[in-house]
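Take these sequences, add in the hints, and give me the full structure.
2 protein chains.
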Amino acid sequence: MGAKYTIPHEVTSYECDVNGTMKLSTMIAIVIKVSEEQSDVLNRGSDFTQQFGVTWIITHYETFITRLPKVNEKVQVTTQAKQYNKYFCYRDFWITTDSDEELVHIESIFSLMNYTTRKINSVTDEIIAPFGSEKITKIKRPPKIGALTDPKSVPFRVRFYDIDSNHHVNNSVYFNWLIEALDYDFLTTYEPQYINIRFDKEVEYGNQVESLYEVVEQEEGKKTRHAIKIADKTYCEAEIEWQER
Amino acid sequence: MGAKYTIPHEVTSYECDVNGTMKLSTMIAIVIKVSEEQSDVLNRGSDFTQQFGVTWIITHYETFITRLPKVNEKVQVTTQAKQYNKYFCYRDFWITTDSDEELVHIESIFSLMNYTTRKINSVTDEIIAPFGSEKITKIKRPPKIGALTDPKSVPFRVRFYDIDSNHHVNNSVYFNWLIEALDYDFLTTYEPQYINIRFDKEVEYGNQVESLYEVVEQEEGKKTRHAIKIADKTYCEAEIEWQER
Chain U
24 MGAKYTIPHE VTSYECDVNG TMKLSTMIAI VIKVSEEQSD VLNRGSDFTQ
74 QFGVTWIITH YETFITRLPK VNEKVQVTTQ AKQYNKYFCY RDFWITTDSD
124 EELVHIESIF SLMNYTTRKI NSVTDEIIAP FGSEKITKIK RPPKIGALTD
174 PKSVPFRVRF YDIDSNHHVN NSVYFNWLIE ALDYDFLTTY EPQYINIRFD
224 KEVEYGNQVE SLYEVVEQEE GKKTRHAIKI ADKTYCEAEI EWQER
Chain D
24 MGAKYTIPHE VTSYECDVNG TMKLSTMIAI VIKVSEEQSD VLNRGSDFTQ
74 QFGVTWIITH YETFITRLPK VNEKVQVTTQ AKQYNKYFCY RDFWITTDSD
124 EELVHIESIF SLMNYTTRKI NSVTDEIIAP FGSEKITKIK RPPKIGALTD
174 PKSVPFRVRF YDIDSNHHVN NSVYFNWLIE ALDYDFLTTY EPQYINIRFD
224 KEVEYGNQVE SLYEVVEQEE GKKTRHAIKI ADKTYCEAEI EWQER
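Chains as they are written, first to last, in my numbering: chain U, 24 to 268; chain D, 24 to 268.
Just so you know, the hints here were simulated from the structure itself, not pulled from any lab data.
Take the hints with a grain of salt, since some may be wrong.
Note: identical chains are not told apart, hence a pair may lie in one copy or across any two.
[Unchecked claim] Capping the alpha-carbon separation at 20 Å, the derived lysine to any residue pairs in SDA-like fashion look like this:
hint, residue 1, residue 2
1, Lys93, Val57
2, Lys46, Tyr184
3, Lys46, Tyr228
4, Lys142, Ile81
5, Lys56, Glu38
6, Lys93, Asn193
7, Lys56, Asn42
8, Lys93, Tyr184
9, Lys56, Val41
10, Lys97, Ile30
11, Lys56, Glu33
12, Lys246, Gln266
13, Lys46, Lys56
14, Lys93, Asn189
15, Lys175, Gly229
16, Lys46, Gly229
17, Lys46, Arg182
18, Lys97, His32
19, Lys46, Asn194
20, Lys97, Asp63
21, Lys56, Pro31
22, Lys46, Asn193
23, Lys56, His32
24, Lys97, Val64
25, Lys93, Thr211
26, Lys97, Glu33
27, Lys93, Glu59
28, Lys46, Asn199
Note that the structure is predicted; figures quoted are calculated from it, not measured.
In structure tokens, the structure reads:
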């Protein structure tokens, strides 16, 4: 397992929603920043990977939330490259309080994508070695995401501010589309405690996406299922379990 | 004139758009954070003003941009309460580089609004004294914003993540609506160098707003005019001058 890399972060009011807890999109943007910083420190930043015609993409997050970071809270954001196989790198993130209470744990899957072909590249030693993660042969499969049966749908235009300097719609933006499909009462009554999300295809600037969702009845708490689609093609699927705030 | 208050800020990639320069909405959110911090340091934070049944609102920004802060740049964000009269407080902001080059200068007008009546309250000594700003009798009027003659219009729903812990649509969100009305070519060719924006009414969660805009032809650079409307009522007006990037 690789070395951990940590930065402190103080949660600002503009990073939080009406509940005073961190927006999911901001939370993802911040953890990704920490992994980018670790790559830079190890001289494996985007300038280095670009030499090989590849860039990191994230295909999956499994997120376990004890509670969301709160406005003005001082937290530590940690990342660790854990393992990798031929095509997939397994990286974890944690958000903890200053007294080391775990608030959020994220297990993610990264791959290298070829800029030109847009296909997955195999993971090379030159890029991965400094992270010190363990080479494995096993392919780890996250839990399956249940199919939608009778979803409702809300349209979203991809905005100029949704694309990053690589002309990609940042992964964090998908969380806005999932969340904004739900209503005010739901979002102020429940807080996510588990999120399983898979990214299948790249959404581009100018696209109009449909954010599909349905609430799955269950004995305790709530579960929602989500998909991001363009013209019946699935770009992203997610399942979120919620607890009362 | 009041004391200056400064915090350092390192510009992250998720705070920037495809041009690698800071999103206007993020820039405004950050400067407001600095004024909130100054208020907290002076024991005049929201807990204090709430005792009097009032909250700060911002009715105007005049923004002068030499260049926008860039990704990974280390900047200083400074605020200073300059002057006030019976109903208006004049507060300035600056974003400067670590070598003291001025990137952005913002002149803003704050007022105190009564929570219950939603009307403007007079500025009281108890709230304003610690900022050390100068009492004046003059009412300063920012430049007039030209009327739209033949605007185009783009609709936006107010999103859950657009409202802050006070249940207001944060001022910074209006900048998203202005910017997103313009197209990719315009936004990657031109950078704002002057923004004059006035906030007239409060937009609420659940509203659908229209972002109206037109490009005003002029000899050098570009000028755009904007309005945010709901059902023919004007909530915000703005004028932006642009220079080539």
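So, going through the hints one by one against the coordinates:
no.: 1; hint: Lys93 x Val57; in the structure: both (19 Å within a copy, 18 Å between copies)
no.: 2; hint: Lys46 x Tyr184; in the structure: both (16 Å within a copy, 7 Å between copies)
no.: 3; hint: Lys46 x Tyr228; in the structure: between (22 Å within a copy, 16 Å between copies)
no.: 4; hint: Lys142 x Ile81; in the structure: within (13 Å within a copy, 48 Å between copies)
no.: 5; hint: Lys56 x Glu38; in the structure: both (15 Å within a copy, 11 Å between copies)
no.: 6; hint: Lys93 x Asn193; in the structure: between (23 Å within a copy, 18 Å between copies)
no.: 7; hint: Lys56 x Asn42; in the structure: between (24 Å within a copy, 18 Å between copies)
no.: 8; hint: Lys93 x Tyr184; in the structure: between (25 Å within a copy, 15 Å between copies)
no.: 9; hint: Lys56 x Val41; in the structure: between (24 Å within a copy, 16 Å between copies)
no.: 10; hint: Lys97 x Ile30; in the structure: both (11 Å within a copy, 16 Å between copies)
no.: 11; hint: Lys56 x Glu33; in the structure: both (14 Å within a copy, 12 Å between copies)
no.: 12; hint: Lys246 x Gln266; in the structure: within (9 Å within a copy, 49 Å between copies)
no.: 13; hint: Lys46 x Lys56; in the structure: both (15 Å within a copy, 17 Å between copies)
no.: 14; hint: Lys93 x Asn189; in the structure: between (30 Å within a copy, 15 Å between copies)
no.: 15; hint: Lys175 x Gly229; in the structure: between (23 Å within a copy, 18 Å between copies)
no.: 16; hint: Lys46 x Gly229; in the structure: between (24 Å within a copy, 18 Å between copies)
no.: 17; hint: Lys46 x Arg182; in the structure: both (18 Å within a copy, 12 Å between copies)
no.: 18; hint: Lys97 x His32; in the structure: both (6 Å within a copy, 16 Å between copies)
no.: 19; hint: Lys46 x Asn194; in the structure: both (14 Å within a copy, 18 Å between copies)
no.: 20; hint: Lys97 x Asp63; in the structure: between (24 Å within a copy, 16 Å between copies)
no.: 21; hint: Lys56 x Pro31; in the structure: both (12 Å within a copy, 18 Å between copies)
no.: 22; hint: Lys46 x Asn193; in the structure: both (15 Å within a copy, 14 Å between copies)
no.: 23; hint: Lys56 x His32; in the structure: both (11 Å within a copy, 15 Å between copies)
no.: 24; hint: Lys97 x Val64; in the structure: between (23 Å within a copy, 17 Å between copies)
no.: 25; hint: Lys93 x Thr211; in the structure: within (14 Å within a copy, 35 Å between copies)
no.: 26; hint: Lys97 x Glu33; in the structure: both (4 Å within a copy, 17 Å between copies)
no.: 27; hint: Lys93 x Glu59; in the structure: between (24 Å within a copy, 17 Å between copies)
no.: 28; hint: Lys46 x Asn199; in the structure: both (9 Å within a copy, 17 Å between copies)
Taken one by one, the earlier hints all hold for this structure without exception.
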